[in-house]
Amino acid sequence: MEICRRKNTIEITELDPFLAELLRQIPASANPEGIPAAEQRLFSAPTNGKEKEICTEWKLYVEPELRRLFQTATETVAADLEQLNGNEKSFANRTLCIPAKHADAWLSALNQARLVIAAKNNFTDGELGDHFRSPIGSRRDLSLFQVNFYGFLQEFILRELDSPEKPPKD
Amino acid sequence: MSAQPLCAEAATAERTTTTRIPGWKNAGQLTIDQPTVEKETRAEEDLDLPWQVVVHNDPVNLMSYVTMVFQRVFGYPRERAERHMLEVHHKGRSVLWSGMLERAELYVQELHGYLLLATLEKIT
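Chains as they are written, first to last, in this note's numbering: chain A, 537 to 706; chain B, 44 to 167.
I should point out that these hints are in silico values taken from the structure, not numbers from a laboratory. Some hints here could point you the wrong way.
DSBU-like cross-link-like pairs, simulated, lysine-lysine; straight-line CA separation at most 35 Å [said to hold, decoys possible]:
#1 K586(A) / K165(B)
#2 K595(A) / K165(B)
#3 K165(B) / K588(A)
#4 K134(B) / K165(B)
#5 K543(A) / K134(B)
#6 K637(A) / K656(A)
#7 K586(A) / K134(B)
#8 K656(A) / K134(B)
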């Protein structure tokens, strides 16, 4: 897999079917529905619990806005990922072009997915800090790989945002 | 590591943050660590006492991402944003801003929008 910035797009080339499948799973992985720990993490309380009134109003007014914000980001990413649903043979390497103006949506969706996967698997700090674990021998290992792979993409996008040639805003 | 003196410096900066309380005659500038006023007028205190925006550590968010969020949300220069990020990383929490409730709520909402663990705390 190669990843580089070309003008106003972030291009991921030589994407093998396994990594392409992990990318396809971003929107589904970012969905916290049915996972209480993930819901709790994505929509955390605004206070340490002492200010009940603030928490009640937050649930009523702020949380729906946050849900919309997160959903918009995952929808943008899902639309970009449709490039991977072509008629090419399933074992062929793919290319994915991410418009630079979608960088924020990708950062958000990747973050949502990482947080949901981590909450779902209840990963320890030690596991999350172990970036060299291999090989993948279980579903849990695969989930950890997924968290690290999404983190790698986030790092690349952040580096691109930080580069002198800033992407245009939406 | 150099995290300790940096954090101490940040903590000092937060302690000496000043705020002007509206509607209080001759109140002038009040430093956050002066407890005298809050004992005198309880009801006023509930309305006016400054709040702080605290960001808590979580093992998933990337350090570079957290730094970028602090720069975007608070407009902090990179160095200051990194100092707070390291304080969160090493000490588990960092006070990013203090002031009145409405603004603090907006900051926390924005931080939650970036999926950071942030809370409002009343300064006591």
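*Against the structure, test the hints numbered earlier, and report the numbers of the ones violated in rising order.*
Number 5 only.
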